[in-house]
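Take these sequences, add in the hints, and give me the full structure.
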Amino acid sequence: MVKWDEKSIAHVYQGMRDHSLPYAEWSHQAHISTGLAFLDEFGLEQAEILMPKAIWTYNASLGNENSDTEGYHHTITLLYLRVLDTLRNKCGSTDLQSLVRAALQSEIADKSWPLTHYSKELLFSVKARKNWVEPDLKPLPTS
879 MVKWDEKSIA HVYQGMRDHS LPYAEWSHQA HISTGLAFLD EFGLEQAEIL
929 MPKAIWTYNA SLGNENSDTE GYHHTITLLY LRVLDTLRNK CGSTDLQSLV
979 RAALQSEIAD KSWPLTHYSK ELLFSVKARK NWVEPDLKPL PTS
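At position 13 of the sequence shown (counting the first as 1) the number is 891 in this note's numbering, and the numbers step up by one without a gap.
Hints may be right or wrong, so weigh each one.
[Claimed, not checked] Here are the computed distance ranges between Cβ atoms for each label pair:
#1 Thr964 with Ser905: 33 to 43 angstroms
#2 Gln892 with Gly921: 17 to 27 angstroms
#3 Gly921 with Trp991: 15 to 25 angstroms
#4 Lys1016 with Tyr901: 25 to 35 angstroms
#5 Leu928 with Leu982: 15 to 25 angstroms
#6 Asp946 with Asp883: 29 to 39 angstroms
#7 Ser997 with Glu884: 32 to 42 angstroms
#8 Gly949 with Glu1012: 16 to 26 angstroms
#9 Gln983 with Glu919: 16 to 26 angstroms
#10 Glu999 with Asp883: 14 to 24 angstroms
Think of the hints as simulated: they come from the structure by calculation, not from any bench. Yeah, the Cβ is synthetic: ideal placement off N, Cα and C, and Gly gets one too.
Below you can see the structure in the form of structure tokens.
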């Protein structure tokens, strides 16, 4: 089990970006930690551009396909970045370790959490995988 201290957060973030992170370590929790690290370094606007590219190239570097059915998922990536940014603003903390731990203790740590906002049909559609789509069940939290 990962402690999510400064060292492990940096290990996952840098490893994903330089493609040295073993795929077995690229968990849902690692995605959340990395999303917060991108937000910490670049802010939401730039993170929404840079993190998708980083995930896409990381997947490709491991020989994993980014297709209509697997690999990078645009809506899921952006929805987590936006919700994590809301969490950052709500917490008022700039300490990355505290933010990662708070996120991992919140409802978004459950991989099925997006399905409280999206129907399975929409979230797992090719359109949602390739492009941002708004939730069809309820809006994302903004505060």
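Hints versus structure:
1. A hinted range of 33 to 43 angstroms is violated for the C-beta pair threonine 964 and serine 905, which are about 22 angstroms apart.
2. Take glutamine 892 and glycine 921: their Cβ atoms lie about 19 angstroms apart, and the range 17 to 27 angstroms holds.
3. For glycine 921 and tryptophan 991, the hinted distance range of 15 to 25 angstroms is satisfied, since their beta carbons lie about 23 angstroms from each other.
4. With their beta carbons about 33 angstroms apart, lysine 1016 and tyrosine 901 fall inside the hinted range of 25 to 35 angstroms.
5. Evaluation of the 15 to 25 angstroms hint for leucine 928 and leucine 982 yields a pass: the beta carbon distance comes to about 22 angstroms.
6. With their beta carbons about 38 angstroms apart, aspartate 946 and aspartate 883 fall inside the hinted range of 29 to 39 angstroms.
7. Distance hint check: the CB atoms of serine 997 and glutamate 884 are about 38 angstroms apart, consistent with the given range 32 to 42 angstroms.
8. Checked against the given bound of 16 to 26 angstroms, the beta carbons of glycine 949 and glutamate 1012, roughly 22 angstroms apart, stay inside it.
9. Between glutamine 983 and glutamate 919 the beta carbon distance is about 23 angstroms. The supplied range of 16 to 26 angstroms therefore holds.
10. Range check, glutamate 999 to aspartate 883: about 39 angstroms between beta-carbon atoms, so the 14 to 24 angstroms window is missed.
Hints 1, 10 from the list above are not met by this structure, while the remaining hints are.
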